[in-house]
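Asks: Once you've looked at the hints, dock chain B against the given chain A.
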Amino acid sequence: MRGLALPRSPKVILGLGILGFFIVMTVIGPWLAPYDPSSTAFPALLTPSSHHLLGTTSLGQDIFSQLLVGARATMVVALVAGLVATVLSMVVGVTAGYLGGVSDDGLTLLSNVFLAIPGVPLLIVIDSYLPVNSRSNEFVIGLIISLTGWAWGARVLRAQTLSLRNRDFVEAARIIGESRRRIMFSEIAPNLLPVLASSLLFTVLYSIGAYVTLAYIGLTSTATWNWGTMLYWAQANNAPLSNEWYWFIPPGICIALVGTGLALVNFGIDEFINPRLRAAGLTARQRRQLHLPRRARLGLTPVVSLAPAPNRRSTHAVVK
Amino acid sequence: MRTIARRLGLYLLTAWVAVTANFILPRLMPGNPVQTLIGKITSQVTPAEIRAIRLSFGMGFKEGIVAQYFTYLGQLFHGNLGVSITLGAPVSSILRESVPWTIGLIGVSTIVSFFVGTVAGAMLGWTRGSRFDSLIPTATFFQAIPYFFLGTVMLLIFGSDLHWFPVLGAYSQGATPGWNWSFIASVIRYGELPVISIILSSVAGWMLGMRNMMITMIGEDFVLMAVAKGLPRRKVIMHAARNAVLPSIANLSLAIGLVVSGALLVELVFNYPGVGDLLLQAVLNEDYPLIQGIFLVITFTVLAANLLADVVYLVLDPRTRSEAAV
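Top line first, the protein sequences correspond to chains A and B. This note's numbering applies: residue 1 is where the first sequence begins, and numbers increase by one. This note's numbering applies: residue 1001 is where the second sequence begins, and numbers increase by one.
The shape of chain A in the complex, shown without the other chains (with noise of 0.2 Å):
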């Protein structure tokens, strides 16, 4: 099925090399780390060098370990309660959209009540009573964000599958006699997965802020690691007033790239979805090779399609 196949732009591509290089650093990174990130044994504030890369803590700790060793815990909560989320989100959304009448009304409100509460001001009151071995764990963080996280992709689900839900091909499941359940999950689930994919992808970016916000004002245990806790323990002792840019700027740039690259892999899924986005995002080069107007023009936007034709490959090779 080419189902997902994404528009080859140079955001997409750009978004999937940022997250590829994350997940690598969140599977080796650990491995990587030359020393334990907790271990107090070197001098105190050092600037980087090629002893410590990024540097040491004011309590002597090596910030380059840090970082690597913290990606796993921020990656692994993000992947959770994103996967979680997503799919709370898609019982929720498409049992509502496709059921109708009083579950949907009912399932449409609890939604909407959990978007209307402010998500991390809630994280912060039931993370704070929460036991403190239970604020190390990764697996309770991330379920707990989850919890705060699945409306906005529940509603987006439920208006994609109302309009999935009178379409002809899933008329002809319903009339062939196939059961609720698999009409549900064979028929209209696969049509969904663009929206989903997306929506995923916009849980995980809301898990990271939500989690390296719990740790930043230490509400997650101080004593793994994770980006949130270094900038924690670098505001604690006022990195950013004295001029230790090394401590709390490379932990706040990951968590921006990886958010980056987040959100320039979703632009690529919104193209797939909206072929007028599509156009919109190509380069003057690119338009060239599809025989499209150079300079936009009003009222048509052009769909382009995905399909190599042939007569594009042969102007590519006129063009090289």
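Quick caveat, the hints were computed from the structure, so don't treat them as lab data. Backbone N, C-alpha and C fix where the C-beta goes; we use that ideal spot for every residue, glycine too. Treat each hint with caution, since some may be false.
Here are some chain B residues pointing at chain A (derived, C-beta under 7 Å) [stated by the list, open to error]: (1) I1145; (2) I1157; (3) I1215; (4) L1254; (5) L1280; (6) Q1281; (7) T1299; (8) V1302.
Replies: This is chain B only, laid out in the frame that chain A set:
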């Protein structure tokens, strides 16, 4: 009006859920919450404090969970949010001092950010495919930066390094709080950097959403029609933008929660005397009545803002109005 009544109902329900969650959460944790709490306080606990804590959990006089729940609701209804453990003052009077700062800071920056983002997004959508499109990855990057981190970096560069802006606090030490000109000027001066950093973090979202809607709108027949009629360019853009902005406003009520969540931490970075800074103190000191009170106040404020956004939407989109009239 029916639409508004329905939204109002939703927000009332949400408020009730938040209030009830506040009641249930402490009871879900293992052990007696009051005992746990007292155990966590390292200093000497006076009987009066114990009573205050019990009251704030709705455990005033009667036992039995239903009776407790109604005691708790009654307390809330009278604006009694309990007594802060660390500050010793009633939570409601503490909040009365810090909430205006937060509403001012976040309100101003959200409104400015929405307008700047929408106008920029409309222009980007109109000139799609031009070199301005290279703004998009940059904007995305800014959007992905946590609010508090961007705030920290800006504080470092423009505050303590270049001394372009005053740092830390909401007004200069010399100014006497009140409605005098020097105080207001100093509040504005001190607010600039936090406001700019919140705008920078949040503007990209509005911009990208508006751009995408604008591109979709330009493909619609009514825009082509407007051009065919020979309307000047500016009017055509306005035509398309008016329609493209509707989803942004519909999303406004959703986005407010996210913006508030992020902006609370900006207060923390700038030592702004708002709710965010208070929340951090409360969390660090495990001051549960204060944490709960702040959560409720934030939730109620966000719900009120949502309702306001819904009204604006109703005014701007005639279709919802005619629906409501039927």
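Asks: With reference to the structure, classify each hint as holding or not holding.
Replies: Hint check:
For I1145/B, the shortest C-beta to C-beta distance to chain A is roughly 4 Å, which falls under 7 Å, so the interface hint holds. Here the hint on I1157/B is broken, as its CB sits about 10 Å from the closest CB of chain A, past 7 Å. For the restraint placing I1215/B at the interface with chain A, the shortest Cβ-Cβ distance is roughly 5 Å, inside the 7 Å limit, so the hint holds. Hint status for L1254/B relative to chain A: holds, with the closest Cβ pair at about 6 Å, below 7 Å.
For L1280/B, the interface hint holds, since its Cβ comes within 7 Å of a Cβ in chain A; the closest pair sits about 5 Å apart. Checking Q1281/B against chain A: minimum C-beta separation of about 10 Å lies over 7 Å; hint violated. For T1299/B, the suggested interface contact is upheld, since its CB lies about 6 Å from the closest CB of chain A, less than 7 Å. Checking V1302/B against chain A: minimum C-beta separation of about 5 Å stays under 7 Å; hint holds.
This entry does not satisfy hints 2, 6, going by the numbered hints stated previously.
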